[in-house]
Structure formats: structure tokens, C-alpha cells
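**Q** So the sequences go chain by chain: A and B. For the first sequence, the positions run 0 to 301 when numbering that gives the first Met the number 0 is used. For the second sequence, the positions run 0 to 301 when numbering that gives the first Met the number 0 is used.
None of these hints come from the bench; they were simulated from the model. Treat each hint with caution, since some may be false.
Stated by the list, open to error - Not close to chain A: a few residues of chain B, all C-beta gaps over 10 Å, as computed:
#1 184
#2 210
#3 265
What the hints assert, rightly or not - Footprint (simulated), chain B over chain A, 3 or more residues, beta carbon under 8 Å:
#4 107–121
#5 162–174
#6 285–294
For each residue, glycine too, the CB sits at the ideal point set by N, CA and C.
There are 2 protein chains.
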Amino acid sequence: MSLPDSVRLFEMSPRDGLQNEPGTLVPTATKIALIERLADAGMTHIEAASFVSPRWVPQMGDASDVMTGIQRKEGVTYSALTPNLKGLESAIAARVEEVAVFAAASEAFSHKNINCTIAQSLERFEPVMARASEAGVRVRGYVSCVLGCPYEGDIDPERVAEVAKALWELGCYEISLGDTIGVGTPLKAKRMLDAVNRQIPMNQLAVHFHDTYGQAIANLYAALEEGISVVDASTAGLGGCPYAQGASGNVATEDVLYLLEGLGINTGIDLQAVIDTGYWITAELGRTPGSRVAQAKGRSHT
Amino acid sequence: MSLPDSVRLFEMSPRDGLQNEPGTLVPTATKIALIERLADAGMTHIEAASFVSPRWVPQMGDASDVMTGIQRKEGVTYSALTPNLKGLESAIAARVEEVAVFAAASEAFSHKNINCTIAQSLERFEPVMARASEAGVRVRGYVSCVLGCPYEGDIDPERVAEVAKALWELGCYEISLGDTIGVGTPLKAKRMLDAVNRQIPMNQLAVHFHDTYGQAIANLYAALEEGISVVDASTAGLGGCPYAQGASGNVATEDVLYLLEGLGINTGIDLQAVIDTGYWITAELGRTPGSRVAQAKGRSHT
Numbered sequence: 000m001s002l003p004d005s006v007r008l009f010e011m012s013p014r015d016g017l018q019n020e021p022g023t024l025v026p027t028a029t030k031i032a033l034i035e036r037l038a039d040a041g042m043t044h045i046e047a048a049s050f051v052s053p054r055w056v057p058q059m060g061d062a063s064d065v066m067t068g069i070q071r072k073e074g075v076t077y078s079a080l081t082p083n084l085k086g087l088e089s090a091i092a093a094r095v096e097e098v099a100v101f102a103a104a105s106e107a108f109s110h111k112n113i114n115c116t117i118a119q120s121l122e123r124f125e126p127v128m129a130r131a132s133e134a135g136v137r138v139r140g141y142v143s144c145v146l147g148c149p150y151e152g153d154i155d156p157e158r159v160a161e162v163a164k165a166l167w168e169l170g171c172y173e174i175s176l177g178d179t180i181g182v183g184t185p186l187k188a189k190r191m192l193d194a195v196n197r198q199i200p201m202n203q204l205a206v207h208f209h210d211t212y213g214q215a216i217a218n219l220y221a222a223l224e225e226g227i228s229v230v231d232a233s234t235a236g237l238g239g240c241p242y243a244q245g246a247s248g249n250v251a252t253e254d255v256l257y258l259l260e261g262l263g264i265n266t267g268i269d270l271q272a273v274i275d276t277g278y279w280i281t282a283e284l285g286r287t288p289g290s291r292v293a294q295a296k297g298r299s300h301t
Numbered sequence: 000m001s002l003p004d005s006v007r008l009f010e011m012s013p014r015d016g017l018q019n020e021p022g023t024l025v026p027t028a029t030k031i032a033l034i035e036r037l038a039d040a041g042m043t044h045i046e047a048a049s050f051v052s053p054r055w056v057p058q059m060g061d062a063s064d065v066m067t068g069i070q071r072k073e074g075v076t077y078s079a080l081t082p083n084l085k086g087l088e089s090a091i092a093a094r095v096e097e098v099a100v101f102a103a104a105s106e107a108f109s110h111k112n113i114n115c116t117i118a119q120s121l122e123r124f125e126p127v128m129a130r131a132s133e134a135g136v137r138v139r140g141y142v143s144c145v146l147g148c149p150y151e152g153d154i155d156p157e158r159v160a161e162v163a164k165a166l167w168e169l170g171c172y173e174i175s176l177g178d179t180i181g182v183g184t185p186l187k188a189k190r191m192l193d194a195v196n197r198q199i200p201m202n203q204l205a206v207h208f209h210d211t212y213g214q215a216i217a218n219l220y221a222a223l224e225e226g227i228s229v230v231d232a233s234t235a236g237l238g239g240c241p242y243a244q245g246a247s248g249n250v251a252t253e254d255v256l257y258l259l260e261g262l263g264i265n266t267g268i269d270l271q272a273v274i275d276t277g278y279w280i281t282a283e284l285g286r287t288p289g290s291r292v293a294q295a296k297g298r299s300h301t
């Protein structure tokens, strides 16, 4: 059991973060500034937008403007969520180089969230994968509810492995395993990763933890012990938990970076620059960063 | 590397918690009610008061009234901090069965906090230990700054081991290792525990983590992997961090219990009863619980 030398961080705040901030329509220029600041802090993978119907997710209605508006930086991948072919075509038109699709490990969650079975959701991705491949766009896959479901409770790790494998066999280059409601603890995370790793090599897996129950950093440490080296996180913990009022959602990038630095794991990212970006974007949203590291260290005095 | 089957939780909120809540003098009756509620939730070790000069720590000026006022419960140890012989005599008079003394692993912290060298602080405990032994009172030892000091920065694990060993040789039955400013990360915690464990058996060590940088649960998981089975925590995360404004201090008991339950480790404590107690005491203090588990689960609706 040895920890990785370096970790690739996948930044979620512009998409998974802002999409789940209640009651605010963030101006396009602010989103663009956020993405550019994150890239300047050293981030190499930023999920920048979601190409979904603005009827369902009004917060992401300006996805094309965001993607075409950002000053692209060499070495940075700007990705977008594309749940269907229409979204993918818009993403391709906006010069998106990488997209993402998602499926749930819980049948009940799939029904409530996207109104279809898991199998149906996977079927619908087939034309998306084919078109992405044709256009030379890489596809990342998300599996949600990997450590628990708000409707079904515990989720069998074998079920997670099946869904992850299905996305992987469809052609996703990397599968991000999401504890959508943040209920996991370290041994559950390890058992789930073991089950998935019997189907997919560890270096093609990522973890996406939520800190709703304060366990995300511990789960992440356990995942690193298992050999995980790609980690999703959201600056300032942007993106509340829609299933528990007032509770936190995405693990804060600042807290993840502090852990990784303490473990001697390289990310290439400037923690203080991320903290400052977190203070700036949360001020725009009228609140303070949901990161303990940000609260303890404070912003730069410049 | 296997996790313990059960963990003994050492509850800190009435002392380390309330002592560090800024600006409030909690009524004696409220303290007594808190301690009794914690015992009713299944806690077996509660640090209930501190016998120090009220000139220095006005929040603890009613220590004797608290200790004599509580309805003692069979099987529960109510301990108190006694930094000197005078405090110990008052504690004995108040029928305290267990006391605690403390030393820093950082010379600078010792100077700033108690105005003497580490060696002087240890010397001063000699008569305290002798008198406690004579009175049949057990003594617990705290070492502070074991993973970092606000003045010195990093602390050599060997230095921690020396101070811990000195307290142990003075007669402390258990040494609680405190990350006073919450700066530690899991590998640093492991290295520190390894160093101390070369001097003292693991089953006579406890960990006392602060969550200032959001790492306490991860550090705790790493400590459990090392064989630690006694854990200090504070309901609702009571006790802010005096060294970083607005930042959290003690790790919340609720978050610790959630971790332990998820790992299948028994504590004998009712998590929901602790959550409810946390909501009650923080309402008395005019705030909300500093526990993510409490925020996510909410209080009982009865």
C-alpha cells in the first residue's frame, strides 16, 4: 500500500458547483473569470459547463457562451457534461475537447433523477459515444450513488462495478465514482473501489466525494491508499447538497490540496491561489467559502 | 493493519469545548445538564471541568459546583483538568475521580501558553502526581502541538515522544496526543504515533484532533489504522480554534461517531442522542452545531 507521487485534480466548481448553488444565476462573465482563475492557479482539468436543456438547468443555459468565451490555456482540458446527442453537438460546436456522461448505480436514483432505468440511460449514451469518437472528443463517465442512495440506502459494490464497467466498455477513458450524497466512510470506499478495480484498472478510475457527513477527506485518504490518483473537487466546496438542507456537498478543493500537500503528493496547483479564488467567487455569490482550509488560512493580503 | 473492534470516546465539550467558546459564561446548571445528557447518550468518559484560577479562565470558575452538582452515573468517569496542586486539592474535594495534566511538545508554545519551559512544566506536575496517587485519583496526560505549533511550525515526532514518555513515567495512565491547531495530515499523524509508540504501548495512547484544516477525520482514520482505540472529541465541535478566527477547533463527536459506525467499530454511544444534545447546547450558546453530520441528519423530531 503506497500513496501515489502525484494526483490529477479534476475541478468541478464551474459546473457541478454553480449548477447546485440555489437561487443564483451567475453571470457568464463571472463563470469565465472563475474558469480562467482556476487555470491560472495550475489546474489542468476543469469541468466548465453542462450542455443540458435550460428548461431543466437554467444555471447552465449559457454553456456555449462560457465555452467560447474562455481564453483557453495550453495544457488545460475544459470539459462539459453532455447527457444527450443534442448537448454533444452544441458542445462540439463550442470547441469542447472532452465531454462527460453519467449513470447512477442506484435504480431508484436513476428513475427519480433522469426518469429512466440504468440500462436505458446507458443505451442512450451509445449514439453520444459514437459521435464523440467520430469528432475526436474524449468522454469521461460518472457513476453516481456509489456509496449510497437517498432512496435505496446502501448500494452493492458489485452493482457499482457493473455500471462502471458498462460505461468503460462504451468507451469512456476514465470513470469517476461519485458519493453523490456524501454518506460513505473509508472502508466502504475501499470495498467499492476493490469491486470496481476487478473490472477496470485503477489508473482509469477517479473518485468524486461529497463532504455532507464530513467524511470526504478520510474517504479520499483511503482511496489514495488503494491507488487512486485522479480526484474530483470543487473550489470553496461550491455546490450544496440538494438532498440535505444546509449541508455541504462537493469536497472543497482547498481541503483536498491541503491533504495532498501534507502527504507529499504533487498536484502542480497553487493552494493559496485557489483559496483566493474561492473567496472571490463566494463573495460574488454572497457567502463565504465552504472550505475549512480557506477559513483557517484566510485570503492573501495583497 | 487492522482496525480496533471498539473505541473509547473521551468527550471534551464541557471543558475543552466551553472553555474556548468566546464571550459566553455558560450557567452552571447548563453545564450540568450538558454533562448529564452526554452520559445518558452512552458516554463513559467526560472531561467535565477545569480547576484553574478563574482569573485566567473565567469560564471554568464554577468547576466545584459543576462537579458536585452532576448526578453521577454508574460506569461513567467524570474527569477534570488540574494544572497544579491547588487545583488538584479542589478537584479531590469535589470528588473528582480522574484528573488531567498537560505539557506542550513545543518549547515556544509552552512559554507562550503557560510561561515556563517544557521541563519546568513537567517538574511542577511531580507533586500533583504524588498527591493524586495518594488520593487514589487517576491522572491522564495531554501533550499539545504534536503535529505542529503556531510559533515553531513543524514539530519533530521524537520531541513528542520524549514529552509523552516523561508524562507517562511520571505516572499518567494514558497519554492523549493533541493536534492543538489542527494542522496535521494522515502520514504525519502516523509518523508521530510510530515515534511515541516506540516509548509507550499503543493501548495507553489517545488522539485528540482538531478539525481546523478539515483533516481530523482523515487523521483519525489513519490513527485507527495504527491501532489507536481511544479518541477525544467534542459534541457539536464545541471550542473554536483560538489561533485562527472563525475556524473550527475540536473535531465534532458526531462526525467521529459517524466514521466509527461506518467502520463497524463499536462505541456504545447513541449518535442521534449526541446530535440532539449538540443542537440543544449550541442553541444555548446562540449558534448551530459545528458538525457536518449534525447538519446533514438534523435533530430528532419528537
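**Q** Confirm or reject each hint.
**A** Here is what the structure says about each hint:
1. 184: violated (3 Å)
2. 210: At about 7 Å from chain A, residue 210/B fails to clear the 10 Å cut-off, so the statement is violated.
3. 265: holds (14 Å)
4. 107–121: violated (count 0)
5. 162–174: violated (count 0)
6. 285–294: holds (count 4)
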